[in-house]
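The listed protein sequences correspond, in order, to chains D and Z.
Letter by letter, the first sequence follows residues 14 to 153 of the working numbering.
Letter by letter, the second sequence follows residues 8 to 376 of the working numbering.
Hints listed in this document are in silico derivations from the structure and should not be mistaken for laboratory results.
Where a beta carbon is used, it is the ideal one built from N, C-alpha and C, also for glycine.
Be a bit skeptical, because a hint or two may be false.
To be verified - Taking CB as the label site, the calculated pair distances span:
{"hint": "1", "chain 1": "D", "residue 1": "124", "chain 2": "Z", "residue 2": "278", "range": "56 to 62 Å"}
{"hint": "2", "chain 1": "D", "residue 1": "133", "chain 2": "Z", "residue 2": "301", "range": "52 to 58 Å"}
{"hint": "3", "chain 1": "D", "residue 1": "134", "chain 2": "Z", "residue 2": "77", "range": "45 to 51 Å"}
{"hint": "4", "chain 1": "D", "residue 1": "147", "chain 2": "Z", "residue 2": "82", "range": "50 to 56 Å"}
{"hint": "5", "chain 1": "Z", "residue 1": "156", "chain 2": "D", "residue 2": "136", "range": "38 to 44 Å"}
{"hint": "6", "chain 1": "Z", "residue 1": "129", "chain 2": "D", "residue 2": "134", "range": "44 to 50 Å"}
{"hint": "7", "chain 1": "D", "residue 1": "44", "chain 2": "Z", "residue 2": "235", "range": "28 to 34 Å"}
{"hint": "8", "chain 1": "D", "residue 1": "147", "chain 2": "Z", "residue 2": "67", "range": "23 to 29 Å"}
{"hint": "9", "chain 1": "Z", "residue 1": "185", "chain 2": "D", "residue 2": "96", "range": "38 to 44 Å"}
{"hint": "10", "chain 1": "D", "residue 1": "136", "chain 2": "Z", "residue 2": "235", "range": "32 to 38 Å"}
{"hint": "11", "chain 1": "Z", "residue 1": "275", "chain 2": "D", "residue 2": "148", "range": "36 to 42 Å"}
Stated by the list, open to error - DSS-like mimics (lysine-lysine), calculated; alpha carbons at most 25 Å apart, straight line:
{"hint": "12", "chain 1": "Z", "residue 1": "153", "chain 2": "Z", "residue 2": "164"}
{"hint": "13", "chain 1": "D", "residue 1": "121", "chain 2": "Z", "residue 2": "250"}
{"hint": "14", "chain 1": "Z", "residue 1": "164", "chain 2": "D", "residue 2": "121"}
{"hint": "15", "chain 1": "D", "residue 1": "116", "chain 2": "Z", "residue 2": "138"}
{"hint": "16", "chain 1": "D", "residue 1": "124", "chain 2": "Z", "residue 2": "153"}
{"hint": "17", "chain 1": "Z", "residue 1": "250", "chain 2": "D", "residue 2": "116"}
{"hint": "18", "chain 1": "D", "residue 1": "116", "chain 2": "Z", "residue 2": "153"}
{"hint": "19", "chain 1": "Z", "residue 1": "334", "chain 2": "D", "residue 2": "124"}
{"hint": "20", "chain 1": "D", "residue 1": "124", "chain 2": "Z", "residue 2": "345"}
{"hint": "21", "chain 1": "D", "residue 1": "121", "chain 2": "Z", "residue 2": "153"}
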Amino acid sequence: MNHGTRKRRMLFALLIGVCVVAVGTIYADLEIGYYTAANLGSVAQPAPPPLQTDGVYSVAAYPLYTPQLVPGAGRQDAAAYCNTCHTPSYITMQPPLSAAAWKAEVTKMGKVYGAQIPTDAEARIITYLQTHYTPETRKR
Amino acid sequence: MATYPQKAPLVLLTDRPVQLETPRHYFLEPITPNDAFFVRWHLESIPNEVDLSSWRLHVEGNVNKQLSLTFSDLLHKFKPITLAAVNQCSGNSRSRFGPRVPGGQWGNGAMGCARWTGVHFRELLDMAGVKSGSVQVQMEGLERGKGPRGMPSYEFKKSLDLSNPVLDESIVAYAMNGEPLPMLNGFPVRLIVPGYFATYWVKCLTDVRLLDKPDENFWMNPAYRVPNTPRGNTTPTDVAAGKVKMIPINRMPVRSFIISPGGATKIPAGFPVTVRGTSFSGFGRVVKVEFADSLHGRWREAKLGEDLGPYAFRTWECAWTPEKPGKYSLAVRATDEKGNVQPDEGVWNPGGYLWNKIERQEVTVGGAA
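Use the sequences and the hints to build the structure in full.
Right under this line is the structure:
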């Protein structure tokens, strides 16, 4: 084996290595909690990933149909902190809840579930939900 | 409606974590197709893929011999068992509650019935050898969240008492209606707990853990608890006053549903209608379904469909010919083999669980010359 061939082989091996790492990265993203924006009204299933004969069984990204929160002070805090664990669909799905019920819900997210929300942001989120999502204030 | 991987269009409740409801018409059949089966996750980091070359089901904790079983072990080393059983979310019909309670605002479609095939749960426990002093068995799957480790926003775990006879009927299922489970319904295996609410039917099951003291993790306490009162009924006042003792939710009360007619279409007077629906009970077979219309008010017995087993859907039908135009209210109630009958009162508890009030369907009958 001459020097040139060895160099080409090393380069080739390096290239394969880079590919494996790159594919591994994408793969890692696919493994768990993989979501993508989608359009309501579409009835076609997301196209499945290419089917290989190995032991890996996979599905396409889970489509997101995320509703908008009502504009207003505190919306950014709600979007930022609540969105870690769930989209705003968890807020818009609820029936109109009393101010006390919203306070209890948000407090529960921190104290019980373990959401890490700073005290001032938590207060703004509670006020925001009480301003827009109670029986008296909810518009839609 | 939204279409998710391996699923038909389903009613969208939430997109992340995913909660999808089965449209009503699917309940005309006693078996719910896999692609129409409802979906409910608590946490957002659920698998998009599972590698069966490295996947293992562990039986661990207070056992003589820890087990680490492959998917192939489950298929070949045990005698397969198949059972038809209804899987119903604890919060099914929560949107009917008054006063309203927070949580997934399900209509009646957070339920489904499939033929589950797998391994006797007890056989796995016996193979591992449950050590004396064990009190509960805990189940955990691949469901994870973005919260801090050890917190309920990070992991979902459920437990059952070892003395609970439901363990003798429970199955670790690798097939649903003869097919691999859809990812969103718990591929590659999930626990089947016949008669019990779906909260115990842990999806993407990976760890079965024998405990020497009761599981006090959030998902057992205070979550998924119901008042220790008749029918789990209480009031917001009693809850606020701290008067209510709460216990883990368990068996599903008897229920029945009118599926057709659905009320969206006028029926001509004199038209011979076949009213159709379904029923089930977590306490055993439905033995009687009765139907009434608001004009006559008298209950009469409906004809029951095929018996697929004590924990399956039991469809029913009843001939009904409305003679005169008008607004009618149709009602249905079921009785199970233990003598439980559906009540005509709702239920209220803070979790929004155990709804089983008599269902009614308004229909409009029009004139016809």
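So, going through the hints one by one against the coordinates:
| no. | hint | result |
| --- | --- | --- |
| 1 | 124/D - 278/Z: 56 to 62 Å | 58 Å, holds |
| 2 | 133/D - 301/Z: 52 to 58 Å | 56 Å, holds |
| 3 | 134/D - 77/Z: 45 to 51 Å | 46 Å, holds |
| 4 | 147/D - 82/Z: 50 to 56 Å | 53 Å, holds |
| 5 | 156/Z - 136/D: 38 to 44 Å | 27 Å, violated |
| 6 | 129/Z - 134/D: 44 to 50 Å | 49 Å, holds |
| 7 | 44/D - 235/Z: 28 to 34 Å | 42 Å, violated |
| 8 | 147/D - 67/Z: 23 to 29 Å | 47 Å, violated |
| 9 | 185/Z - 96/D: 38 to 44 Å | 39 Å, holds |
| 10 | 136/D - 235/Z: 32 to 38 Å | 36 Å, holds |
| 11 | 275/Z - 148/D: 36 to 42 Å | 41 Å, holds |
| 12 | 153/Z - 164/Z | 15 Å, holds |
| 13 | 121/D - 250/Z | 21 Å, holds |
| 14 | 164/Z - 121/D | 19 Å, holds |
| 15 | 116/D - 138/Z | 45 Å, violated |
| 16 | 124/D - 153/Z | 15 Å, holds |
| 17 | 250/Z - 116/D | 22 Å, holds |
| 18 | 116/D - 153/Z | 22 Å, holds |
| 19 | 334/Z - 124/D | 50 Å, violated |
| 20 | 124/D - 345/Z | 42 Å, violated |
| 21 | 121/D - 153/Z | 16 Å, holds |
The structure fails to meet hints 5, 7, 8, 15, 19 and 20 from the earlier list, while all remaining hints are met.
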